[in-house]
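Please work from the sequences and hints to get the whole structure.
Note that the protein sequences, when read in sequence, are chains H, Z and V.
Here our numbering = 1-based position in the first sequence + 662.
Here our numbering = 1-based position in the second sequence + 385.
Here our numbering = 1-based position in the third sequence + 102.
Don't take each hint at face value.
What the hints assert, rightly or not - Under the rule of at most 25 Å between Cα atoms (straight-line distance), these lysine-lysine pairs were calculated in the DSS-like manner:
(1) V:276 to H:852
(2) V:207 to H:852
(3) V:168 to H:852
(4) H:851 to V:213
(5) Z:415 to Z:535
(6) V:168 to H:851
(7) H:851 to V:163
Claimed, not checked - If you anchor each label on the Cβ, the simulated ranges turn out as follows:
(8) V:201 to H:679: 52 to 60 Å
(9) V:126 to H:798: 46 to 54 Å
(10) Z:447 to H:842: 31 to 39 Å
(11) Z:455 to H:815: 32 to 40 Å
(12) V:158 to H:815: 51 to 59 Å
(13) Z:401 to V:261: 25 to 33 Å
(14) Z:469 to H:802: 32 to 40 Å
(15) Z:386 to V:207: 35 to 43 Å
(16) V:158 to H:834: 47 to 55 Å
(17) Z:401 to H:848: 44 to 52 Å
(18) Z:463 to H:809: 22 to 30 Å
(19) H:809 to V:199: 39 to 47 Å
(20) H:663 to Z:514: 21 to 29 Å
(21) Z:461 to H:750: 43 to 51 Å
Because the hints were derived from the structure by calculation, they are not lab data.
Glycine included, every Cβ here is placed at the ideal spot set by N, Cα and C.
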Amino acid sequence: MGPLAVNEIISENTNLFFAFLIGIGFGYVLEASGFSSSRKLAGVFYGYDMVVLKVFFTAAITAMTGLLLFSLFGWIDLSLVYINPLYVTSAIVGGIIMGGGFILGGYCPGTSFCGASIGKIDAMVFIAGLFIGVALFAAGFNWFEGLYMAAFRGDPKISTALKMSDGFFALLLILAALAMFWVAEIVEKKFPREEY
Amino acid sequence: MNPRVLLALIIIPLGLVIAAVPQNKTVPYKLTAPELLSEVAERTQFVSPEVIADMLIKKDPTLRLIDVRSQQEFEKYSLPGAINIPLTDLLSEEYADILNQDVKMNVFYSNGSLAANEAWMITRQLGYTNNYVLEGGLNYWYETILNPQKPSSVSSDEEFLRYDLRKGAGMALGGDAEVKDTQDQAAGPSLKPAIKPVAKKKKAAGGC
Amino acid sequence: MNEIKKDRSKKYLNPYLGGVLLGLVLLSANFIAGRGLGASGAVKSVIVTATTTVAPSAAEKSGFVKEYMESHKGNPMKNWLVFQMAGVIVGGFLSGALSGRLKLKVEHSPKITSRRRLIFALAGGILFGFGSQLGRGCTSGAALSGMAVLSLGGFVTMMAIFGTGFALAYFFRKNWI
Numbered sequence: 663m664g665p666l667a668v669n670e671i672i673s674e675n676t677n678l679f680f681a682f683l684i685g686i687g688f689g690y691v692l693e694a695s696g697f698s699s700s701r702k703l704a705g706v707f708y709g710y711d712m713v714v715l716k717v718f719f720t721a722a723i724t725a726m727t728g729l730l731l732f733s734l735f736g737w738i739d740l741s742l743v744y745i746n747p748l749y750v751t752s753a754i755v756g757g758i759i760m761g762g763g764f765i766l767g768g769y770c771p772g773t774s775f776c777g778a779s780i781g782k783i784d785a786m787v788f789i790a791g792l793f794i795g796v797a798l799f800a801a802g803f804n805w806f807e808g809l810y811m812a813a814f815r816g817d818p819k820i821s822t823a824l825k826m827s828d829g830f831f832a833l834l835l836i837l838a839a840l841a842m843f844w845v846a847e848i849v850e851k852k853f854p855r856e857e858y
Numbered sequence: 386m387n388p389r390v391l392l393a394l395i396i397i398p399l400g401l402v403i404a405a406v407p408q409n410k411t412v413p414y415k416l417t418a419p420e421l422l423s424e425v426a427e428r429t430q431f432v433s434p435e436v437i438a439d440m441l442i443k444k445d446p447t448l449r450l451i452d453v454r455s456q457q458e459f460e461k462y463s464l465p466g467a468i469n470i471p472l473t474d475l476l477s478e479e480y481a482d483i484l485n486q487d488v489k490m491n492v493f494y495s496n497g498s499l500a501a502n503e504a505w506m507i508t509r510q511l512g513y514t515n516n517y518v519l520e521g522g523l524n525y526w527y528e529t530i531l532n533p534q535k536p537s538s539v540s541s542d543e544e545f546l547r548y549d550l551r552k553g554a555g556m557a558l559g560g561d562a563e564v565k566d567t568q569d570q571a572a573g574p575s576l577k578p579a580i581k582p583v584a585k586k587k588k589a590a591g592g593c
Numbered sequence: 103m104n105e106i107k108k109d110r111s112k113k114y115l116n117p118y119l120g121g122v123l124l125g126l127v128l129l130s131a132n133f134i135a136g137r138g139l140g141a142s143g144a145v146k147s148v149i150v151t152a153t154t155t156v157a158p159s160a161a162e163k164s165g166f167v168k169e170y171m172e173s174h175k176g177n178p179m180k181n182w183l184v185f186q187m188a189g190v191i192v193g194g195f196l197s198g199a200l201s202g203r204l205k206l207k208v209e210h211s212p213k214i215t216s217r218r219r220l221i222f223a224l225a226g227g228i229l230f231g232f233g234s235q236l237g238r239g240c241t242s243g244a245a246l247s248g249m250a251v252l253s254l255g256g257f258v259t260m261m262a263i264f265g266t267g268f269a270l271a272y273f274f275r276k277n278w279i
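Written out as C-alpha cells, the structure is:
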C-alpha cells in the first residue's frame with residue numbers, strides 16, 4: 663500500500679498538497695514544543711534545557727517504531743522509502759560544519775523557519791545566512807565535488823551494518839533513548855537556569 | 386504520571402513486538418490472479434527455438450538467456466552466452482536488476498519448459514516485464530535446432546523451409562546437422578517480441 | 103523559580119508529547135511520500151531557481167545546478183520540500199498565534215547585545231547552509247528522518263552535528279547562558 667506517492671496511489675500534485683499539510687503539522691509541533699526559541703534549543707549543549715534531545719529522540723523512535731509496525735502489517739513497503747545515502751567524508755565534515763553552525767546560530771534550518779514565522783529576527787537573519795551558505799556551496803561546488811562524492815557506501819541501514827534485525831536494533835534504540843531521557847532530566851535539575 | 390514513564394510504558398511493548406516478530410520480507414505481488422491467468426492462457430511468454438537461434442546467430446545484443454537449472458547442470462551444458470540463475474535463487478536481491486529491466490529480452494530456459502515457466506510466473510507476478518520462456522526447453526532445442534529431423538517427402542514447402550532454417554541454425558550453433566543454405570533465415574519473419582518499457586522500481590527522492 | 107518553570111511548561115507542549123506528535127508527522131510523511139522531513143532542501147531549490155533565472159549561463163556551468171537537475175525533474179520550486187517548508191511557516195505561525203508568542207524581537211542572552219546575536223546568527227546560518235549541502239541534509243532531513251529509517255548515513259551526520267555542538271559549547275557559552 664504505502665508509500666502512497668511512490669506506488670502512485672496518489673498523484674504528484676496530491677502529494678505536494680500533503681507536503682503542505684505535513685509541513686503545517688511539522689511547523690506547529692516544532693513551535694509548540696519550543697523549537698522556535700534559539701536559547702531553548704541551545705540549552706541542550708549546556709544542560710539547562712534538554713527539550714531538543716527529548717523531542718528529537720522521541721520523534722525518531724516513534725516514527726521508527728511506526729514504520730516497522732506498518733511494515734509488519736504490510737501497510738508500507740520499506741524498500742521504497744528513501745534511505746539517506748552514506749558518503750562518509752561529506753557526512754562527517756558536513757556534520758561538523760553544521761554542529762558549528764548550530765552552536766553559533768542557535769537554530770537549525772527547520773527551526774529557524776519556525777522561529778521566523780513567529781517574528782524572531784535572529785531566526786530571519788539565520789535564514790539569510792542559510793541562503794548565503796547554500797549559495798557559497800553552489801558557487802564553489804566544482805571545488806568541493808571531490809569531497810562531496812568521496813567514500814560512497816551506498817544507502818546502508820545501521821541495523822544491517824551491526825548485523826542485527828531492524829526490530830532488535832529498534833528496541834535497543836528505544837531503550838537507549840529512554841535511558842538518555844532519564845539522564846537528561848537529572849542533568850536539567852543539576853543545571854537550572856533562570857527564565858530566558 | 387510522569388510523561389517519560391508513560392512514554393516508556395507505551396513504546397517499550399511496541400518495541401518488544403517489532404523485535405520479536407520476524408521482519409516482513411514478503412514481496413507483494415503486482416498482478417492479480419485473473420490477470421496472470423489470462424496471460425498464461427495467451428501463452429505470449431513462450432518464444433520458439435527458431436527465434437532464439439536466429440537472434441543468437443545475429444548476435445542480437447538485446448537477448449539474454451537465463452539458465453534456471455542448477456549450477457552443475459549449467460556448467461555441464463548451456464546455451465551460448467547464457468547466465469545462470471538457479472530457480473531457487475530467483476528472488477535473491479542480486480538478481481533483481483537483471484530480472485526487472487527494460488533493456489534486454491530475458492529468456493528463461495530449463496531442460497523442459499516447466500522450471501523456466503515457473504520462473505516466468507513468479508517474476509511476472511512481481512510485475513516484471515520483458516521476461517520470456519524458451520518453448521520446450523533444452524530438450525526441444527536439441528530436437529529442433531541441433532538435430533532436426535528431415536521432413537517426409539509429402540510435407541508442405543513450409544515445413545521444408547523450416548527444416549532448412551533449423552539446420553542452418555543448428556550448424557552455426559554447433560549442432561550435427563549438415564547445412565545446405567544458411568541464407569534463408571535472414572529472410573524469415575522476425576518473430577521477436579518487442580521489449581516493453583518497465584515501470585522502474587522508483588524510490589522517493591529525498592534529501593534535505 | 104519553581105513557579106516560573108511550571109508556567110513555562112504550561113506554555114509549551116510536554117517534550118515527550120511533542121516528540122510523539124512530531125514522530126507521527128514524520129511517519130505520515132514516510133507513509134504518504136516515502137520520504138522524511140527536511141528543510142535545507144527548500145533553500146537549495148530557491149538557490150537553484152535563482153541561479154537559473156538570474157544567471158542562466160553561470161547555472162549551465164555549475165556542477166551544483168547540474169547535479170540538482172539530474173536528480174529532480176521539472177521546476178525546482180515545484181518540489182516536495184518547498185511545499186513542506188511553506189507549511190512549516192504556516193504551522194509555526196498558527197501555533198505562535200494560538201499561544202500568544204507572536205512578537206517581533208531578537209532573542210538573546212542578557213549578557214550579549216542584539217547586534218552580537220545577529221552577527222552570530224548570520225555566521226551560524228552560513229555554516230549550517232553550507233554544511234547541510236555538503237552533508238546532504240540538515241538536522242531534520244539527515245539526522246531525524248535518517249534515524250527513523252535506520253539510515254547509517256543519518257546516524258553519522260547526527261553524531262557529527264551534536265558531537266561538534268557539545269565540543270564547541272564551552273567556547274560560546276557567553277552567547278547562551
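Going down the list of hints, with the structure as the test:
no.: 1; hint: V:276 to H:852; result: holds (19 Å)
no.: 2; hint: V:207 to H:852; result: violated (30 Å)
no.: 3; hint: V:168 to H:852; result: violated (51 Å)
no.: 4; hint: H:851 to V:213; result: holds (23 Å)
no.: 5; hint: Z:415 to Z:535; result: violated (45 Å)
no.: 6; hint: V:168 to H:851; result: violated (51 Å)
no.: 7; hint: H:851 to V:163; result: violated (55 Å)
no.: 8; hint: V:201 to H:679: 52 to 60 Å; result: violated (27 Å)
no.: 9; hint: V:126 to H:798: 46 to 54 Å; result: violated (36 Å)
no.: 10; hint: Z:447 to H:842: 31 to 39 Å; result: violated (56 Å)
no.: 11; hint: Z:455 to H:815: 32 to 40 Å; result: holds (34 Å)
no.: 12; hint: V:158 to H:815: 51 to 59 Å; result: violated (35 Å)
no.: 13; hint: Z:401 to V:261: 25 to 33 Å; result: holds (27 Å)
no.: 14; hint: Z:469 to H:802: 32 to 40 Å; result: violated (49 Å)
no.: 15; hint: Z:386 to V:207: 35 to 43 Å; result: holds (36 Å)
no.: 16; hint: V:158 to H:834: 47 to 55 Å; result: holds (51 Å)
no.: 17; hint: Z:401 to H:848: 44 to 52 Å; result: violated (26 Å)
no.: 18; hint: Z:463 to H:809: 22 to 30 Å; result: violated (46 Å)
no.: 19; hint: H:809 to V:199: 39 to 47 Å; result: holds (43 Å)
no.: 20; hint: H:663 to Z:514: 21 to 29 Å; result: holds (22 Å)
no.: 21; hint: Z:461 to H:750: 43 to 51 Å; result: holds (45 Å)
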